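Student: Sequence:
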Amino acid sequence: MDTGRFLLAVVLMIGVIIVTNLLFPPIPSQDPAVPADSVQVVDTAVPPAAGPDLGQAPAPAPPDADIDTVARVDAVPEADTVWVESELYRYGISTAGASLVSARLEQYKSFTREGPVELAVPDGPPLAAMSIQVGENALDLRRLIFVLDTAAAGGAESAVALRHSDPAGRFTVLVRYDFDPQHYLAHVRVEVSELGGEEILLLHLPSTLAINEIRPEEDHRALAYVVNGTRTGIRSVPLDDVDSRRVEEGPLTWIALKNKYFLVAALNDPGVEAPFGGLIAEPLAARYSAGLTATLTGRANVFSFRLYMGPQEYSRLSSIGDDLADVNPYGWKIFRPIIRPFAHMVLWALDGMHDVLGIGYGWVLILFGVLVRIALWPLNSKAMRSQLKTMELQPLLKEIQTKYKNEPEKLQREMVRLYKEEGFNPLGGCLPLLLPWPILITLFFVFQSTIAFRGQGFLWLPDLSQPDPLYILPLLMGASIFALQWLNLRVNPDPTPQMKMLTYFMPIMLVVLFLNFASGLNLYYATSNVASLPQQLQIMSERKKVRRRMA
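Under the numbering used here, the final residue of the sequence shown carries the number 579; numbering is consecutive throughout.
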């Protein structure tokens, strides 16, 4: 919805620039509670287990308040959940199935519940659960109770090892997680005793993610699974579009479930040549959810992969590699090859000013808007000279139009001849004016999904990624557009009715379209318009001089 409205705004504004220059030249733009609007989750159906039916996995125990700077494992002898903590996260691993059942991101505030962001839906499926497929049979690890195995953990403080031994002595399963206190990444290793056939690991991702944003509809729209195939590249499918069984054929480098700002992803272990074989997405009864199961082969009954449970922070995802940073690509699909690198450059500039100058992102956007206008000053001056040339040619153009008004083909040839003799490009007055639009379009997509702006306040604005609650910035943006249009109108002694209509209609239309866009986008655009007023006044002065010479 927002994308469509923004596209309409861009088309209108670009249309005004071109039409004004070509048709109307002068003379002659910690205890999570379920929110009321949470998605109802339906767990993924799995085949019957080979082991005993031990019921559903127990709910996570409430976490402690202490947080260390180094990853630490809290294990109470009879606990149902093992908690792993660092300054970045608090992950919970259930002894039922050795499944990851909780991911609290300590540095990100939830806007739908008290405390930090929690990725797991309360009473919903685990964030990562496993089954072992042997022929047509499946051993569902979620139906098995595991115990901590300190010896298998090797004494590492940031490692958790859990083992299940079948009471009948038929098999054993060992699951080991190795965490990094500085990253949201865990290495997972699963060892299974011989079960009498070729074994495949089935990794069950969550059917949805918890909602943590002020506007739940934003998370709902962004909920999607994403795969990166070695042959097909990155493919994203909204969960709401999974209305029938879908199979994403492998080999796959990684699979992921994402919402607007956060992500749960399973990636190949770079030290093991065993890519994911594919992904099966099943439709579920609840909206914005899907049953996601990936397959992974191993060697000698050993499976290894990585799990990422954290923010869609570009620098972190880039450091992991395998193009995981493109899990939430910017822009419309057809323009992504252009918008994506441009978005990265814009983010690099904004983050650089934020880090080097030590100022908030609100001031960064104001400074960025001013710097963009300063950088474009020479090009806008060139556009101004082209417009002045149009004014000087008006008498000759009118003479040609009058002489050949009944001969359109000859009229066109004579106008082309005049432009060529005078060294004049009729589009020269509007093309430089279109240059700010790539930046504005890029920022629109940046504000849609860049976590750096999430929760960043500025003056009266509580969050630059959300609309202005007082609507001050959209009105200021509209006023700045009206001022620019009005100054342009002032130098025309005989403006057409169309020009008058655009002067009053365009600001109103753009205010309506930008009303619910991110306040950061409105802040940048309003600043950019205000910063262009001095040059507009200069243009106005030059046009008056030309008009006096022509009088």
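Hints may contain errors.
[Stated by the list, open to error] Just the calculated beta-carbon pair ranges, DEER-fashion:
1. A180 <-> G299: 39 to 45 Å
2. V175 <-> A314: 16 to 22 Å
3. G261 <-> Q135: 17 to 23 Å
4. I242 <-> H211: 26 to 32 Å
5. R198 <-> A328: 17 to 23 Å
Think of the hints as simulated: they come from the structure by calculation, not from any bench.
Being a predicted model, the structure only gives us computed values, none of them experimental.
Don't be surprised by glycine CBs; every beta carbon is placed ideally from N, CA and C.
Student: When the hints from earlier in the document are held up against this structure, which numbers fail?
Tutor: Failing hints, ascending: 1, 2 and 3.
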